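Take the given structure of chain A and dock chain B to it, following the hints.
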Amino acid sequence: MTWKIEISDACIGSGMCAAIEPDEFELESGYARTKSGSVEPRDSFLDAADSCPVSAITVTDAQTGKEIGPR
Amino acid sequence: MTSVDNQPLTYPFNSPDNLELDDRYAELRNRTGMPRVSLPYGESAWLATRYDDVRAVLGDRRFSRAEAAAHDEPRLREGRQNSGILSMDPPDHTRLRVLVSKAFTMRRVEALRPKVCELSESMVRAMVAGGAPADLVDAMALPLPVQVICELLGVPVEDRPLFRRWSDNALSTSSLTAEQFSASREELRDYMRSLVDLKRREPSDDLMTALIEARDVDDKLSEIELIDLCNSILIAGHETTATQIPNFVLYLVGDGASWQRLHNDPDLVPAAVEELMRVVPLGIGGGFPRYALEDVQVGGTLVRQGDAVVVSIASANRDPERFDNPEVFEPSRDTSGHMGFGHGAHHCLGAQLARMELQEALRSLTGIVPTLQVRDVEWKTEMIVRGPKKLMVGW
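For the protein sequence lines, the chains are A and B, in the order given. Under the numbering used here, the first residue of the first sequence carries the number 1, and numbering increases by one thereafter. Under the numbering used here, the first residue of the second sequence carries the number 1, and numbering increases by one thereafter.
The following block holds chain A by itself, in its conformation from the complex:
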């Protein structure tokens, strides 16, 4: 199973996601971006989506397109 990680325009660059999951999220010119956007499932990606102060991160099942996070 693969998850797709997307960051919307709502991002304010709080740095929350990069602090929780630095392997996948990084700040570029003040805003978050994904390093690969396509990841092996891991709870910390959902944690990042849940913790984003503006709910800018969505996690979806890459096969079905079903939204998994934020929970």
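Bear in mind the hints are in silico, worked out from the structure with no lab data behind them. All values derive from a computational prediction rather than experimental measurement. Be aware that a few hints might be false.
Stated by the list, open to error - Lysine-lysine pairs mimicking DSBU-like chemistry, simulated, CA-CA at most 30 Å apart:
1) A:K35 x B:K102
2) B:K115 x B:K102
3) A:K66 x B:K102
What follows is chain B alone, placed relative to chain A:
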């Protein structure tokens, strides 16, 4: 540019009874490297003043909050705050943060907006009806955020006189000894324990009940974490907003035609709130130092493993390298990236709630009282946040 000498500077630079920002910040931003500072208690630390340096420290996991417990943490008061979510690092910090963040999402916050708007307007109308002069803190700046956080968390709003004292103590700098500080924290914990026990018997639709479930059903947090988390939400959930409302009023009224400008154009209010979060230096400085877990280069200084770094968000938010004419309040500027709500793992959990409350407070005040004048200010003097204890206004 000159290099920084080794003698630690006495910190914080500013006194608590105003909203000024000391000129030394601008001077230090222009120097190579970071200066050493010495706080009233604890070991000395590096001080980050530039935007990029502050952001680098707050956003980097190599700088730890949890590690502070193993050191004589630089601090403003004798007592130590070594528990709670602000003393944790990911992943422990994330475990607690996730439990709470759902209550503070934009969607949940927007659902509360109509009620907050109505509450804010009725408080301002009652203040005006009571006649001038009036204490704006007592009339709306304090009761508004208290009522909102009490309902959200599930704390009886009538208990305000009780928890106000504990809240003041938790954020005070010098008025308490270490013993008094921990005694006050234990009283607050006992109070919260009794509320949690009550909610266990009679669950309701609030955040405390949700957190109790996370503990009792899913074992996501310990009992003391549950208690301290509720306390943090209660205190952080009202004190900062209650302080920023009068600060914003004071700033705008003292800034030429800014108050009138917001009265004439209420659509400017959300942008004005962002700009005020940037330009109003709320914190006295020196809170929540970070410890380097390994050697890290910051702003021309090699911070050694085990060194403490204190950041000045107020200075970073006025760094001309990041914001043009940083001293000027200009709601039409691009404020993105301001750090008024912090940055990184500890970015304000309630930022969306605070924004909404500040917007509604400012909208109702500028809308209903266009001729508002400040008559007198009584400052909080021994707190880590700066702002009026009393703000007497007329119109």
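Hints, verified against the model:
This hinted pair checks out: K35 of chain A and K102 of chain B have alpha carbons roughly 25 Å apart, not beyond 30 Å. With a C-alpha separation of about 19 Å, the suggested pairing of K115 of chain B with K102 of chain B holds against the 30 Å cut-off. Simply put, K66 of chain A and K102 of chain B have alpha-carbon atoms about 20 Å apart, close enough for the 30 Å limit, and the pair holds.
The structure meets every hint from the earlier list without exception.
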